[in-house]
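Student: Residue strings, one per chain:
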Amino acid sequence: MDLYTLTAHEIRDMIKEKKISSKEATQSAINRINQVEDKIESYVTVLPDEAIAQAEAIDAKIAKGEDVGALAGVPMALKDNMCTKDVLTTCSSKMLYNFKPPYDATVTEKLKNAGTVLLGKLNMDEFAMGSSTENSYFKKTKNPYDITKVPGGSSGGSAACVSADEAYFTLGSDTGGSIRQPASFCGCVGLKPTYGSVSRYGLIAFASSLDQIGPMTKDVKDCAMVLNQIAGYDAKDSTSVNIEHPDFEKALTGDIKGLKIGMPKEYFGAGIDTEVTDAITKAVENMKALGAESADMSLPLNEYALPAYYMISSAEASSNLARFDGVKYGYRAEKFSDLLDLYCQTRSEGFGAEVKRRIMIGTYALSSGYYDAYYKKAQQVRTMVMNDFKKAFETYDVLVTPTSPTTAFGIGEKTSDPLQMYMGDICTVSVNIGGLPAIVIPCGYDKAGLPIGIQIIGKPFGEATVLNAAYALEKTITKVRPNL
Amino acid sequence: MKYETVIGLEVHAELSTKTKIFCSCKNEFGGEPNTRCCPVCTGMPGTLPVLNKAVVDYAIKAGLATNCSITKYGKQDRKNYFYPDLPKAYQISQFDLPLCQNGYIDINVNDETRRIGITRIHIEEDAGKLIHDDYSNESMADYNRCGVPLIEIVSEPDLRSPEEARVYLETLKSILEYTEVSDCKMQEGSLRCDVNVSLRPVGQKEFGTRCEMKNVNSFRAAVRAMEYEQKRQAEILDNGGVIVQETRRWDDVRGESIPMRSKEDAQDYRYFPEPDLVPIVVSDEWVEQIKNTIPEMPEQRKARYIGEYGLPEYDAFILTSSKKMADFFDATVSEGAKPKTASNWLMGDISKILNDKELEPADIPFTPAQLAKMIALIDKGTISNSAAKKVLDAMFAEPADPEALVEKLGLAQVSDEGAILQMVNDVLAQNPQSIVDYKAGKDRAMGFLVGQVMRVSKGKANPQMINKLLKEALDKA
Amino acid sequence: MKITKEEVLHVAKLARLNLTETETESLINDMGNIIGFADKLNELNTDEVLPTAHAIPMQNAFRADEVKESFPREEILKNAPDSDGDGFLIPKVVE
Numbered sequence: 001m002d003l004y005t006l007t008a009h010e011i012r013d014m015i016k017e018k019k020i021s022s023k024e025a026t027q028s029a030i031n032r033i034n035q036v037e038d039k040i041e042s043y044v045t046v047l048p049d050e051a052i053a054q055a056e057a058i059d060a061k062i063a064k065g066e067d068v069g070a071l072a073g074v075p076m077a078l079k080d081n082m083c084t085k086d087v088l089t090t091c092s093s094k095m096l097y098n099f100k101p102p103y104d105a106t107v108t109e110k111l112k113n114a115g116t117v118l119l120g121k122l123n124m125d126e127f128a129m130g131s132s133t134e135n136s137y138f139k140k141t142k143n144p145y146d147i148t149k150v151p152g153g154s155s156g157g158s159a160a161c162v163s164a165d166e167a168y169f170t171l172g173s174d175t176g177g178s179i180r181q182p183a184s185f186c187g188c189v190g191l192k193p194t195y196g197s198v199s200r201y202g203l204i205a206f207a208s209s210l211d212q213i214g215p216m217t218k219d220v221k222d223c224a225m226v227l228n229q230i231a232g233y234d235a236k237d238s239t240s241v242n243i244e245h246p247d248f249e250k251a252l253t254g255d256i257k258g259l260k261i262g263m264p265k266e267y268f269g270a271g272i273d274t275e276v277t278d279a280i281t282k283a284v285e286n287m288k289a290l291g292a293e294s295a296d297m298s299l300p301l302n303e304y305a306l307p308a309y310y311m312i313s314s315a316e317a318s319s320n321l322a323r324f325d326g327v328k329y330g331y332r333a334e335k336f337s338d339l340l341d342l343y344c345q346t347r348s349e350g351f352g353a354e355v356k357r358r359i360m361i362g363t364y365a366l367s368s369g370y371y372d373a374y375y376k377k378a379q380q381v382r383t384m385v386m387n388d389f390k391k392a393f394e395t396y397d398v399l400v401t402p403t404s405p406t407t408a409f410g411i412g413e414k415t416s417d418p419l420q421m422y423m424g425d426i427c428t429v430s431v432n433i434g435g436l437p438a439i440v441i442p443c444g445y446d447k448a449g450l451p452i453g454i455q456i457i458g459k460p461f462g463e464a465t466v467l468n469a470a471y472a473l474e475k476t477i478t479k480v481r482p483n484l
Numbered sequence: 001m002k003y004e005t006v007i008g009l010e011v012h013a014e015l016s017t018k019t020k021i022f023c024s025c026k027n028e029f030g031g032e033p034n035t036r037c038c039p040v041c042t043g044m045p046g047t048l049p050v051l052n053k054a055v056v057d058y059a060i061k062a063g064l065a066t067n068c069s070i071t072k073y074g075k076q077d078r079k080n081y082f083y084p085d086l087p088k089a090y091q092i093s094q095f096d097l098p099l100c101q102n103g104y105i106d107i108n109v110n111d112e113t114r115r116i117g118i119t120r121i122h123i124e125e126d127a128g129k130l131i132h133d134d135y136s137n138e139s140m141a142d143y144n145r146c147g148v149p150l151i152e153i154v155s156e157p158d159l160r161s162p163e164e165a166r167v168y169l170e171t172l173k174s175i176l177e178y179t180e181v182s183d184c185k186m187q188e189g190s191l192r193c194d195v196n197v198s199l200r201p202v203g204q205k206e207f208g209t210r211c212e213m214k215n216v217n218s219f220r221a222a223v224r225a226m227e228y229e230q231k232r233q234a235e236i237l238d239n240g241g242v243i244v245q246e247t248r249r250w251d252d253v254r255g256e257s258i259p260m261r262s263k264e265d266a267q268d269y270r271y272f273p274e275p276d277l278v279p280i281v282v283s284d285e286w287v288e289q290i291k292n293t294i295p296e297m298p299e300q301r302k303a304r305y306i307g308e309y310g311l312p313e314y315d316a317f318i319l320t321s322s323k324k325m326a327d328f329f330d331a332t333v334s335e336g337a338k339p340k341t342a343s344n345w346l347m348g349d350i351s352k353i354l355n356d357k358e359l360e361p362a363d364i365p366f367t368p369a370q371l372a373k374m375i376a377l378i379d380k381g382t383i384s385n386s387a388a389k390k391v392l393d394a395m396f397a398e399p400a401d402p403e404a405l406v407e408k409l410g411l412a413q414v415s416d417e418g419a420i421l422q423m424v425n426d427v428l429a430q431n432p433q434s435i436v437d438y439k440a441g442k443d444r445a446m447g448f449l450v451g452q453v454m455r456v457s458k459g460k461a462n463p464q465m466i467n468k469l470l471k472e473a474l475d476k477a
Numbered sequence: 001m002k003i004t005k006e007e008v009l010h011v012a013k014l015a016r017l018n019l020t021e022t023e024t025e026s027l028i029n030d031m032g033n034i035i036g037f038a039d040k041l042n043e044l045n046t047d048e049v050l051p052t053a054h055a056i057p058m059q060n061a062f063r064a065d066e067v068k069e070s071f072p073r074e075e076i077l078k079n080a081p082d083s084d085g086d087g088f089l090i091p092k093v094v095e
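For the record, the sequence lines run as chains P, Z and L. Numbering of the first sequence is given in our numbering, commencing with residue 1 and proceeding in unit increments. Numbering of the second sequence is given in our numbering, commencing with residue 1 and proceeding in unit increments. Numbering of the third sequence is given in our numbering, commencing with residue 1 and proceeding in unit increments.
Keep in mind the hints are simulated off the structure, nothing from the lab. All C-beta atoms in this analysis are idealised placements derived from N, C-alpha and C, irrespective of residue type, glycine included. Certain hints may be false.
As the list claims (entries may be wrong) - The calculated lysine to aspartate or glutamate pairs, modelled on DMTMM-like cross-linking and capped at a C-alpha distance of 20 Å, are:
{"no.": "1", "chain 1": "L", "residue 1": "Lys13", "chain 2": "P", "residue 2": "Asp417"}
{"no.": "2", "chain 1": "P", "residue 1": "Lys236", "chain 2": "L", "residue 2": "Glu66"}
{"no.": "3", "chain 1": "P", "residue 1": "Lys414", "chain 2": "L", "residue 2": "Asp30"}
{"no.": "4", "chain 1": "L", "residue 1": "Lys68", "chain 2": "Z", "residue 2": "Glu32"}
{"no.": "5", "chain 1": "L", "residue 1": "Lys78", "chain 2": "Z", "residue 2": "Glu138"}
{"no.": "6", "chain 1": "Z", "residue 1": "Lys129", "chain 2": "L", "residue 2": "Glu74"}
{"no.": "7", "chain 1": "P", "residue 1": "Lys100", "chain 2": "L", "residue 2": "Asp84"}
{"no.": "8", "chain 1": "Z", "residue 1": "Lys129", "chain 2": "P", "residue 2": "Asp338"}
{"no.": "9", "chain 1": "Z", "residue 1": "Lys214", "chain 2": "Z", "residue 2": "Asp251"}
{"no.": "10", "chain 1": "P", "residue 1": "Lys376", "chain 2": "Z", "residue 2": "Glu138"}
{"no.": "11", "chain 1": "P", "residue 1": "Lys100", "chain 2": "L", "residue 2": "Glu74"}
{"no.": "12", "chain 1": "P", "residue 1": "Lys100", "chain 2": "L", "residue 2": "Glu75"}
{"no.": "13", "chain 1": "L", "residue 1": "Lys2", "chain 2": "P", "residue 2": "Asp372"}
{"no.": "14", "chain 1": "L", "residue 1": "Lys92", "chain 2": "P", "residue 2": "Asp338"}
{"no.": "15", "chain 1": "Z", "residue 1": "Lys53", "chain 2": "L", "residue 2": "Glu69"}
{"no.": "16", "chain 1": "L", "residue 1": "Lys13", "chain 2": "P", "residue 2": "Asp341"}
{"no.": "17", "chain 1": "P", "residue 1": "Lys376", "chain 2": "L", "residue 2": "Asp39"}
{"no.": "18", "chain 1": "Z", "residue 1": "Lys26", "chain 2": "L", "residue 2": "Asp86"}
{"no.": "19", "chain 1": "P", "residue 1": "Lys335", "chain 2": "L", "residue 2": "Asp82"}
{"no.": "20", "chain 1": "Z", "residue 1": "Lys26", "chain 2": "L", "residue 2": "Asp84"}
{"no.": "21", "chain 1": "L", "residue 1": "Lys2", "chain 2": "P", "residue 2": "Asp417"}
{"no.": "22", "chain 1": "P", "residue 1": "Lys414", "chain 2": "L", "residue 2": "Glu23"}
{"no.": "23", "chain 1": "Z", "residue 1": "Lys79", "chain 2": "P", "residue 2": "Asp372"}
{"no.": "24", "chain 1": "Z", "residue 1": "Lys129", "chain 2": "L", "residue 2": "Asp82"}
As the list claims (entries may be wrong) - Restraint ranges, calculated between C-beta atoms of paired labels, are given here:
{"no.": "25", "chain 1": "P", "residue 1": "Gly449", "chain 2": "L", "residue 2": "Asn42", "range": "40 to 48 Å"}
{"no.": "26", "chain 1": "P", "residue 1": "Ala57", "chain 2": "L", "residue 2": "Ala64", "range": "31 to 39 Å"}
{"no.": "27", "chain 1": "L", "residue 1": "Gln59", "chain 2": "Z", "residue 2": "Leu359", "range": "41 to 49 Å"}
{"no.": "28", "chain 1": "L", "residue 1": "Ala64", "chain 2": "Z", "residue 2": "Val287", "range": "17 to 25 Å"}
Extracted from the complex, chain P is given alone in its bound form:
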């Protein structure tokens, strides 16, 4: 049996029990990368030599009996919008094609301290804007279940990588569904934590009030295990919440007796493939068999979350991405006549079409005369959407919905109509608007064999609840591995 097929917690335990070395686990993952990466193209940067050296260092410490952290020796990979000191961090953009940050993101630091081994940096939609990873400047990542299909996005590299066993776990970031939708498309587990649970320091910002980092893993236990390491207050992030988190792994009892599940009807209607709604409904039946209770309910404002999301996220992005101007880091246009021209040329050449589109929309929404009508209005609708959720959670413990209206679509299939692409985020964005935690796990497969992800949404800081619900459900699902 090849080690790379194992889950992260299995690898962790085997290293701890000295059944294998970190170097073996790392070498196995690198072998797998060598085997399938040409097909999948999930990595922007692979660090085979560095990873082996890191693994050897961990092994040496283990041999000496030193404390090496909770995830000692487990190889993983990070989405390429998380800063890694002296290691390329590109956001899959020409704009940052050569950027080597002089600092680590807080998650990078935390995972380093936990003893993990960094295998490389993962492909994504440029600056996390997109739902298919087709907006990467460097490459198009393929879906491991069907390489003619997209892996979803924007964390498509993170999802495809872990799904194809090219790393034991990865991190993604989620602004409007960027962890959950690719997890759904690639048949892996993805969790977007409550806003403020995981530090955003060193995550190259897309939309500051919506972005969250989360684990993308092979199973729910891995997800809880990784969340234990990355969650927690960080003084470097003013929006990081200072609360005590439970041990998420220990919270996985599998007992969901009496769990109250709400099924918002707005997520099951027109526009959602019946194969998808059928799989979700069937999964809820499985949960009920385990003692959970479910009821249909309504989140009437859901349809307004999407336009509100696009206004807020684009507005924040237009400001966050203004710093990329060819002066301090990254790409600088070769030809320019003066400072203004340097700015304009650099930004026009350095950003791709989708990023420019969002910058344009966001600049428009903030500009004089439109602020109240679009940005402020969206922030008000945000309040209303949040109140909708608050009311729902007075009755229900979790809400269960589809993750995406369809399973993975074909590469190039949706690139011509941006608004159509945005519509695909209908099931995921309201969670970001509300700052809520939500997990996605595979709950079935369509006729073509493509995974279908179920989304379980919790109340703020209810990660333990959604993880446990997913953990119970996971046991009732027969997982199909991609055939590579």
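Given chain P, put chains Z and L in place with the hints provided.
Tutor: Just chains Z and L, lined up with the frame of chain P:
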């Protein structure tokens, strides 16, 4: 036509916190370019700001000292614009919920008290500096100043002349100094102001169109800029023209302002709430706590100088208009110097030297103890007043113990009666005609003889003693 | 919602983007569609609703006023497209 001038000022003061506003880099003037920087203040991707609590404390303090109400629920906003001294391409400032609002300060102009409204005080970050000298075809961005905390103090358009504006600025400066919110070093750019000027026919209620002037780096420049603008606008109006609302740049060397080019690219700052920061909620306890840290303000101190030390009102006013000066004065007095003497030296020679060297009271290189000692040397008769001036110059050049300087410069007075008597006798022997003149009642003869003795002593003889001995000798002669 | 060419070019100027003719044309269309979609928000009456900046309510996240060492200058400048070792070089700015 007769016009009334209407002036409003926006003063930016750098706060004297230890660290920058959003990162832990040192808040200090100067330094080698880009050596007081980190990923946060240079706007590197992924970095996040964390607000320095002292910045809020200082701003509240400034607000309380200017009679503002403190905003209970404040927030910060992004002001978006591209410029190479602003690495994030937005400045974190405050838009609609500034920390302090609706205050005032009272100023004294021509013995009349005028109340000038303070619209708001908000916190924001300073930008970096662009260096043009030493570079031919390029400019260089230095980010040391990026993230230095600022408060912007916006006045109501309550000022009616450049002179009033000057007094307002002086008064505001001393408030900021007294509260130790800012060191107010103009030449280091700790205090800068933008000036808004408009004219209206006397008697008209509505304000005229205003022009804003930037790059005003000293109070003197501010007054000149306002006077220039007053004249420029009056000329336009007198010739039947209209004032165009615009931002102008003051060129202090040429003594004129020129319109800035921003016209074609009408500014749209796209303010929106800074999503990387959370609201600032100020409790009553917090405000109370800061209230307790506000020290003796200039008015109180002035009263003390008049009452306790018997200083003339004018002297007390001048001394207290700068906190550093008043602190120096207090310390000199507590070192044993007579208040009036200490005041005379500080207001006279010391202020003159500071002015000539374009220094501030904070830059006085010697200690109050050294000044007190110098004064004591005069009182003891060790040095003359004119010798003391030389000692003072030396203390400015290289601060040292005044006694050692007197020694080194050979400035000690000759007060040895025998030695001076010898000189007196010599001089009298050489000037018999003067003795005759003196006896004949010619006062000038006395002056001449004193001068001669002084010359012989190379200026070191104690003048009172010369007078006394000379008189005695002449009376005997 | 119709977005005019002038609006697109004005916004591009604010955002410091040079657009090609093709880009301009497709942005007129795309922005019109997307902003038109956002006009859906007007169906909701928000008169009495306070805007929300963060979903999780937070306040007073402060840092103590304590100096930490700055970064070495080489680290700050190492990613600069053009630097002389002292600072970031840019085309001459006339102020």
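Student: Take the hints in turn and mark each one as holding or not.
Tutor: Comparing the hints with the structure gives:
no. : hint                             : verdict
1   : Lys13(L) / Asp417(P)             : 24 Å, violated
2   : Lys236(P) / Glu66(L)             : 14 Å, holds
3   : Lys414(P) / Asp30(L)             : 14 Å, holds
4   : Lys68(L) / Glu32(Z)              : 17 Å, holds
5   : Lys78(L) / Glu138(Z)             : 19 Å, holds
6   : Lys129(Z) / Glu74(L)             : 18 Å, holds
7   : Lys100(P) / Asp84(L)             : 19 Å, holds
8   : Lys129(Z) / Asp338(P)            : 18 Å, holds
9   : Lys214(Z) / Asp251(Z)            : 9 Å, holds
10  : Lys376(P) / Glu138(Z)            : 41 Å, violated
11  : Lys100(P) / Glu74(L)             : 13 Å, holds
12  : Lys100(P) / Glu75(L)             : 10 Å, holds
13  : Lys2(L) / Asp372(P)              : 18 Å, holds
14  : Lys92(L) / Asp338(P)             : 7 Å, holds
15  : Lys53(Z) / Glu69(L)              : 19 Å, holds
16  : Lys13(L) / Asp341(P)             : 11 Å, holds
17  : Lys376(P) / Asp39(L)             : 13 Å, holds
18  : Lys26(Z) / Asp86(L)              : 18 Å, holds
19  : Lys335(P) / Asp82(L)             : 14 Å, holds
20  : Lys26(Z) / Asp84(L)              : 24 Å, violated
21  : Lys2(L) / Asp417(P)              : 17 Å, holds
22  : Lys414(P) / Glu23(L)             : 18 Å, holds
23  : Lys79(Z) / Asp372(P)             : 16 Å, holds
24  : Lys129(Z) / Asp82(L)             : 17 Å, holds
25  : Gly449(P) / Asn42(L): 40 to 48 Å : 43 Å, holds
26  : Ala57(P) / Ala64(L): 31 to 39 Å  : 35 Å, holds
27  : Gln59(L) / Leu359(Z): 41 to 49 Å : 44 Å, holds
28  : Ala64(L) / Val287(Z): 17 to 25 Å : 20 Å, holds
Comparing the model with each numbered hint stated earlier shows that hints 1, 10 and 20 do not hold.
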